[in-house]
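Asks: One line per chain: the protein sequences are G and A, in this order.
So the first sequence is numbered by the working numbering: it starts at 1 and just counts up by one.
So the second sequence is numbered by the working numbering: it starts at 253 and just counts up by one.
Treat each hint with caution, since some may be false.
No farther apart than 16 angstroms at their CA atoms in a straight line, the calculated lysine to aspartate or glutamate pairs in the EDC-like style are these [said to hold, decoys possible]:
| hint | chain 1 | residue 1 | chain 2 | residue 2 |
| --- | --- | --- | --- | --- |
| 1 | G | K52 | A | E423 |
| 2 | G | K52 | A | D689 |
| 3 | G | K110 | A | E702 |
| 4 | A | K685 | G | E91 |
| 5 | G | K52 | G | E12 |
| 6 | G | K153 | G | D179 |
| 7 | G | K197 | G | D179 |
| 8 | A | K299 | A | E416 |
| 9 | A | K606 | A | E588 |
| 10 | A | K489 | A | D520 |
| 11 | G | K141 | A | D715 |
Covered stretches of chain A (chain G as the covering partner; in silico rule of three or more C-beta atoms under 8 angstroms from a C-beta of chain G) [what the hints assert, rightly or not]:
| hint | stretch |
| --- | --- |
| 12 | 570 to 578 |
| 13 | 708 to 719 |
Derived from the structure by calculation, the hints contain no laboratory data.
Just so it is clear, CB atoms sit at the ideal spot from N, CA and C, and this is done for glycine as well.
Letter by letter, the chains look like this.
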Amino acid sequence: MLEIRNLHVAIEDGSKKILNGLNLTIRDGEVAAIMGPNGSGKSTLSYVIAGKDDYEVLDGEILLDGKNLLEMEPDERAAAGVFLAFQYPLEIPGVATMTFLKAALNAQRKGRGEDELTTPDFMRRVKAGAEKLGIPQDMLKRGLNVGFSGGEKKRMEILQMALLEPSIGILDETDSGLDIDALKIVSEGVNALRSAKRSFLVITHYQRLLNYIVPDTVHVMSKGQIVRTGGKELALELEANGYADYVTNAAA
Amino acid sequence: MVAVKETVEQVKQLDVDQYKYGFTTDLEVDKAPKGLNEDIVRFISAKKGEPQWMLDWRLDAFRRWKTMDEPQWARVHYPKIDFNDSYYYAAPKKNAAPKTLDDVDPAILDTYKKLGIPLREQELLAGVQTSKVAVDAVFDSVSVVTTFKEELKKAGVIFCSISEAIKDHPELVKKYLGSVVPVTDNYYATLNCAVFTDGSFVYIPEGTRCPMELSTYFRINEKNTGQFERTLIIAEKGSYVSYLEGCTAPQRDENQLHAAVVELVALDDAEIKYSTVQNWYPGDAEGKGGIYNFVTKRGDCRGANSKISWTQVETGSAITWKYPSCILRGDNSRGEFYSIAVSNGYQQVDSGTKMIHLGKNTTSRIISKGISAGKSQNTYRGQVSAHRKATNARNFTNCDSLLIGETCGAHTVPYLESKNASAVFEHEATTSKISEDQLFYCRQRGLSAEEATALIVNGFVKDVLQQLPMEFAVEAQKLISISLEGSVG
Chain G
1 MLEIRNLHVA IEDGSKKILN GLNLTIRDGE VAAIMGPNGS GKSTLSYVIA
51 GKDDYEVLDG EILLDGKNLL EMEPDERAAA GVFLAFQYPL EIPGVATMTF
101 LKAALNAQRK GRGEDELTTP DFMRRVKAGA EKLGIPQDML KRGLNVGFSG
151 GEKKRMEILQ MALLEPSIGI LDETDSGLDI DALKIVSEGV NALRSAKRSF
201 LVITHYQRLL NYIVPDTVHV MSKGQIVRTG GKELALELEA NGYADYVTNA
251 AA
Chain A
253 MVAVKETVEQ VKQLDVDQYK YGFTTDLEVD KAPKGLNEDI VRFISAKKGE
303 PQWMLDWRLD AFRRWKTMDE PQWARVHYPK IDFNDSYYYA APKKNAAPKT
353 LDDVDPAILD TYKKLGIPLR EQELLAGVQT SKVAVDAVFD SVSVVTTFKE
403 ELKKAGVIFC SISEAIKDHP ELVKKYLGSV VPVTDNYYAT LNCAVFTDGS
453 FVYIPEGTRC PMELSTYFRI NEKNTGQFER TLIIAEKGSY VSYLEGCTAP
503 QRDENQLHAA VVELVALDDA EIKYSTVQNW YPGDAEGKGG IYNFVTKRGD
553 CRGANSKISW TQVETGSAIT WKYPSCILRG DNSRGEFYSI AVSNGYQQVD
603 SGTKMIHLGK NTTSRIISKG ISAGKSQNTY RGQVSAHRKA TNARNFTNCD
653 SLLIGETCGA HTVPYLESKN ASAVFEHEAT TSKISEDQLF YCRQRGLSAE
703 EATALIVNGF VKDVLQQLPM EFAVEAQKLI SISLEGSVG
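All chains, please: the whole structure from these sequences, using the hints.
Replies: Structural data, given as structure tokens:
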């Protein structure tokens with residue numbers, strides 16, 4: 001379970017406050033969607049959960065299964081079960097995708113005090129995962145994300161999530177830059193990972209993604225707060241009416 | 253990423269001192285008196301039992317050296333060197349003239365063991381390494397032992413110290429010594445000609461593929477002692493040899509001088525592959541101590557279709573001044589230069605290559621990767637030239653710099669010169685920083701800051717690491733990561 005209480009966050013140099021007392025709880029197995037206009041703080045929220053340096057947490061707490069994430073380094077959070085699928089996955093030239101996956105998986109296992117996977121065992125898992133997502137084998141030999149198309153990068157993020165088996169998967173605008181076919185493949189990949197123990201936080205501008213990844217709850221975010229919470233039908237309402245109401249309401 | 257993991261673990265074990273080769277060996281030493289003059293040159297020559305022609309050559313070089321000035325053009329800064337404040341000859345006493353490994357002082361064998369260089373042939377054969385490597389071990393001013401000599405002899409290969417070669421193969425030494433790097437080539441090379449003490453000699457006969465890797469391991473042990481080694485490799489027509497050189501030195505507060513000359517000669521259809529893993533003591537965290545490394549390395553592709561390839565991994569030395577070069581004299585000859593230069597702390601690196609295209613259809617390739625961290629300065633300096641007769645000369649240069657942190661510098665200084673209209677030179681250069689975003693991405697996937705940096709750096713240098721013989725590539729990968737310890741965060 002992920003619990004965020006009264007979270008206040010500013011950009012590191014203190015110039016701008018982005019999250020203003022945000023509260024959010026995601027139960028085990030729940031898929032929560034966060035929607036909201038540009039600049040409402042959605043991506044900041046995902047970065048702060050994952051532990052990016054550029055932000056200063058002024059107040060509040062983030063607990064994952066009762067553990068205080070704010071006291072952990074980014075790699076410790078990852079080992080504790082936080083996975084962030086980046087909106088813009090980074091390129092690591094010269095590091096074969098396969099090498100990166102293995103290093104990441106074994107680092108997390110080590111962080112949790114587990115044994116490293118044997119190479120054949122690891123290869124089996126990667127191959128099975130890659131096949132499901134339509135990722136060709138030769139892509140795994142190329143430098144991580146180097147020269148990958150937008151769709152390939154997003155599929156690679158989902159493959160990483162499948163291998164790392166997090167307790168919470170955060171998808172930061174995973175639908176951006178995807179055509180409809182890629183969107184389906186990625187969504188199927190995410191749906192296959194849904195389980196009673198694993199929760200998801202799906203950040204998106206558009207309702208379309210939620211046709212494929214059907215959420216249990218939908219939250220509207222504006223000016224760094226959750227301003228409304230509802231079921232999956234809330235997404236349809238937003239699609240029809242836009243965010244204008246929330247922007248003015250929050251400002252008022 | 254076994255290597256990355258091992259690296260990180262190794263790094264953690266090395267508490268304050270990151271340089272793990274910094275120990276000294278206590279030995280009784282036979283030294284020349286301090287200082288530099290004609291008597292010292294005579295002293296060295298006499299110690300080596302050299303013939304008169306060799307002494308004359310040295311004295312001539314010394315007289316010329318006295319008229320020369322230290323070069324000032326490199327981007328390195330250091331206090332003026334007092335050449336009279338060093339010892340120019342130091343040899344372990346017990347090691348007067350060992351014939352076999354059993355005659356070598358156990359303290360020296362132990363030193364090499366600690367350095368991870370197995371000298372005992374049976375240890376090598378016992379399967380520590382998958383392929384055999386013959387080693388010439390140079391300790392301060394003398395070669396203490398050369399392994400696998402007998403086996404190489406069967407193939408007709410001569411692998412011995414240069415001192416032995418001067419005595420046993422004078423005709424070859426006379427013919428080739430100074431033929432690639434002339435006596436008056438540059439200040440440090442001329443000094444080397446006068447006072448060189450030992451080094452390796454390799455001769456590969458016509459049509460022979462050297463049956464194993466050859467390597468020389470240089471160790472400076474004595475205080476205040478300069479090491480001036482001289483290496484000469486000759487590959488006759490249609491032959492092949494792969495040679496590796498490694499270097500370390502103890503931690504000392506004073507700077508020590510190392511000025512080597514390496515000459516390679518490749519005749520028709522011959523190929524020489526020369527790899528270096530240079531890990532001289534780089535100085536401490538405040539920039540105190542460390543080796544001044546002024547080295548002249550040059551290969552002559554003298555025959556048609558010959559090939560010389562330099563691969564270097566440079567992580568040590570307070571100052572590195574080094575430009576392994578190729579003279580592409582034979583038609584269709586090829587020169588290659590692959591380099592990784594890592595600088596951290598207060599290290600200063602000014603390194604690169606020269607590709608001199610003289611023959612027709614000559615090709616060269618330069619891949620240089622510079623990594624700067626701490627307060628270091630890292631300069632690539634490279635010259636590519638095509639002479640009037642070098643029709644269809646081709647060069648490709650790729651020069652990438654990676655910066656870690658805010659206080660280091662990377663500089664690229666290419667010189668391109670073509671006197672033949674058909675020559676084609678390509679030059680690519682990039683400078684990048686390990687971005688915070690890349691690091692965060694890796695850490696989000698579970699890698700620690702050190703593991704993430706090691707991974708990104710290893711990716712950056714991959715093209716060059718691939719050029720190293722397998723066993724050394726793994727070693728080099730670890731070495732690079734250790735050199736960068738403390739550069740993140």
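Asks: Are the hints correct? Go through all of them and say.
Replies: Right, here's what the structure says about each hint:
1. The hinted pair formed by K52/G and E423/A fails the criterion: a straight-line CA distance of about 68 angstroms is larger than 16 angstroms.
2. Restraint check for K52/G and D689/A: satisfied, since their Cα atoms lie roughly 9 angstroms apart, inside the 16 angstroms limit.
3. At most 16 angstroms may separate the alpha-carbon atoms for a hinted pair to count; K110/G and E702/A meet this at roughly 15 angstroms.
4. Between K685/A and E91/G the alpha-carbon distance is near 13 angstroms, which keeps this suggested pair within the 16 angstroms criterion.
5. Distance check on the hinted pair: K52/G and E12/G sit about 10 angstroms apart at the alpha-carbon level, within 16 angstroms; holds.
6. A C-alpha spacing of about 13 angstroms is found between K153/G and D179/G, which places the hinted pair at or below 16 angstroms, so the restraint holds.
7. At most 16 angstroms may separate the alpha-carbon atoms for a hinted pair to count; K197/G and D179/G exceed this at roughly 30 angstroms.
8. Taking the CA atoms of K299/A and E416/A, the gap is about 12 angstroms. The hint holds against a cut of 16 angstroms.
9. The straight-line distance between the Cα atoms of K606/A and E588/A is roughly 10 angstroms, inside the 16 angstroms bound, and the hint therefore holds.
10. At roughly 5 angstroms between alpha-carbon atoms, K489/A and D520/A fall within 16 angstroms of each other, so this suggested pair holds.
11. Between the alpha carbons of K141/G and D715/A the distance comes to roughly 15 angstroms, so the proposed pair stays at or under 16 angstroms and holds.
12. Against chain G, the stretch 570 to 578 of chain A contributes 0 residues with a C-beta closer than 8 angstroms to a partner C-beta. That does not satisfy the three-residue criterion, and the hint is violated.
13. Residues of the stretch 708 to 719 of chain A with a Cβ under 8 angstroms from some Cβ of chain G number 7, which satisfies the need for three, so the listed coverage holds.
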